[in-house]
Amino acid sequence: MTKLLILSDSHNSRLAIENILAAEADSIDALVFLGDGLRDLEQALTFYPSLRAYAVAGNCDFGALEPLDGLAAFDGVVVFYTHGHMYGVKYDLDTLADAAAARGANVALFGHTHIPVAEERGGVFLFNPGSCGRCYTGPNTYGILTLADGKVVSHEHKEVPKA
Numbered sequence: 001m002t003k004l005l006i007l008s009d010s011h012n013s014r015l016a017i018e019n020i021l022a023a024e025a026d027s028i029d030a031l032v033f034l035g036d037g038l039r040d041l042e043q044a045l046t047f048y049p050s051l052r053a054y055a056v057a058g059n060c061d062f063g064a065l066e067p068l069d070g071l072a073a074f075d076g077v078v079v080f081y082t083h084g085h086m087y088g089v090k091y092d093l094d095t096l097a098d099a100a101a102a103r104g105a106n107v108a109l110f111g112h113t114h115i116p117v118a119e120e121r122g123g124v125f126l127f128n129p130g131s132c133g134r135c136y137t138g139p140n141t142y143g144i145l146t147l148a149d150g151k152v153v154s155h156e157h158k159e160v161p162k163a
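Numbering (the UniProt record's numbering), first residue to last: 1 to 163.
Just so you know, not all the hints are guaranteed correct.
[To be verified] Result set (DMTMM-like, lysine to aspartate or glutamate): computed pairs, CA atoms no more than 25 Å apart in a straight line:
id	residue 1	residue 2
1	K158	D75
2	K3	D29
3	K90	D61
4	K3	D149
5	K158	E120
6	K90	E159
7	K3	E66
8	K90	D149
9	K3	E156
10	K90	E156
11	K90	E119
12	K162	E42
13	K162	D75
14	K151	D75
15	K162	D26
16	K3	D75
17	K3	E24
18	K162	E66
19	K158	E42
20	K90	E120
21	K158	D29
22	K151	E18
23	K162	E120
24	K151	E42
25	K3	D26
26	K151	D61
None of these hints come from the bench; they were simulated from the model.
With the sequences and hints as input, model every part of the structure.
Structure follows, in structure tokens:
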């Protein structure tokens with residue numbers, strides 16, 4: 001079983017990432033950051049040097065060297081992860097689902113919209129953790145995804161803890 005911490009859109013809220021890591025680091029296997037706050041992540045991770053972290057650049061990560069999307073496998077689940085702006089996620093999720101399926105992924109993680117999402121589309125589980133730093137649609141949130149034996153066992157959206 002693999003427990004993933006999914007973060008996105010911190011937008012200069014390093015403290016939010018630090019608070020999340022303080023609450024979750026001991027119970028997760030890896031972290032996936034979906035862009036728009038790569039420097040926040042980099043600074044927060046200095047306190048967790050052994051934590052496995054995967055990250056992509058978002059549309060606000062100017063000058064970042066990280067890729068725009070990635071692919072990783074955990075417990076038999078292939079996970080496609082991206083910020084989402086290159087796949088038009090603010091307009092519909094079909095392009096993202098198709099891109100993930102074309103890569104053989106069972107799960108597509110994305111951010112950009114700041115809106116938490118957990119839904120199945122075209123055989124792909126789509127998950128957006130919401131914005132952990134500057135949500136304009138509700139509370140700041142992040143996600144936990146538990147994977148085992150080739151499938152999503154559970155998913156959860158959580159509110160960012162206060163310091």
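Outcome of the hint check:
Proposed proximity of K158 and D75 is supported: the alpha carbons are some 23 Å apart, at most 25 Å. Using a Cα cut-off of 25 Å, the hinted pair K3 and D29 holds, with the two alpha carbons roughly 5 Å apart. Proposed proximity of K90 and D61 is supported: the alpha carbons are some 18 Å apart, at most 25 Å. Our distance criterion of 25 Å between C-alpha atoms is met by K3 and D149, whose separation comes to about 13 Å.
Between K158 and E120 the alpha-carbon distance is near 20 Å, which keeps this suggested pair within the 25 Å criterion. The suggested pairing of K90 with E159 holds, with an alpha-carbon distance near 22 Å, which does not exceed 25 Å. Between K3 and E66 the alpha-carbon distance is near 23 Å, which keeps this suggested pair within the 25 Å criterion. This hinted pair does not check out: K90 and D149 have alpha carbons roughly 32 Å apart, beyond 25 Å.
With a C-alpha separation of about 11 Å, the suggested pairing of K3 with E156 holds against the 25 Å cut-off. In summary, the hint linking K90 to E156 is supported, as the alpha carbons are separated by about 21 Å, within the 25 Å threshold. For a cut-off of 25 Å, the pair hint linking K90 to E119 stands: about 15 Å separates their Cα positions. In summary, the hint linking K162 to E42 is supported, as the alpha carbons are separated by about 20 Å, within the 25 Å threshold.
Distance check on the hinted pair: K162 and D75 sit about 32 Å apart at the alpha-carbon level, beyond 25 Å; violated. For the proposed pair K151 and D75, the alpha carbon gap of about 8 Å is at most 25 Å, so the pair holds. Between K162 and D26, the direct Cα distance comes to roughly 18 Å. Compliance with the 25 Å bound is thereby established for this hinted pair. Distance check on the hinted pair: K3 and D75 sit about 10 Å apart at the alpha-carbon level, within 25 Å; holds.
Straight-line distance between C-alpha atoms of K3 and E24 comes to about 10 Å, which keeps the hinted pair within the 25 Å bound. With a CA separation close to 29 Å, the supplied pair K162 and E66 exceeds the 25 Å bound. At roughly 22 Å between alpha-carbon atoms, K158 and E42 fall within 25 Å of each other, so this suggested pair holds. Distance restraint check for K90 and E120: the Cα-Cα separation of roughly 17 Å lies within the 25 Å cut-off, and the hinted pair is therefore satisfied.
A threshold of 25 Å between alpha carbons decides the hint, and for K158 with D29 the separation of about 17 Å falls inside it, so the pair holds. Proposed proximity of K151 and E18 is contradicted: the alpha carbons are some 29 Å apart, above 25 Å. Distance restraint check for K162 and E120: the Cα-Cα separation of roughly 31 Å exceeds the 25 Å cut-off, and the hinted pair is therefore not satisfied. Between K151 and E42 the alpha-carbon distance is near 30 Å, which puts this suggested pair outside the 25 Å criterion.
Note on K3 and D26: the hinted pairing holds, with a Cα-Cα distance of about 11 Å set against a maximum of 25 Å. For the given pair, K151 sits about 31 Å from D61 by alpha-carbon distance, which is inconsistent with the 25 Å threshold.
Checked against the numbered hints given earlier, the structure breaks hints 8, 13, 18, 22, 23, 24, 26 and satisfies all the rest.
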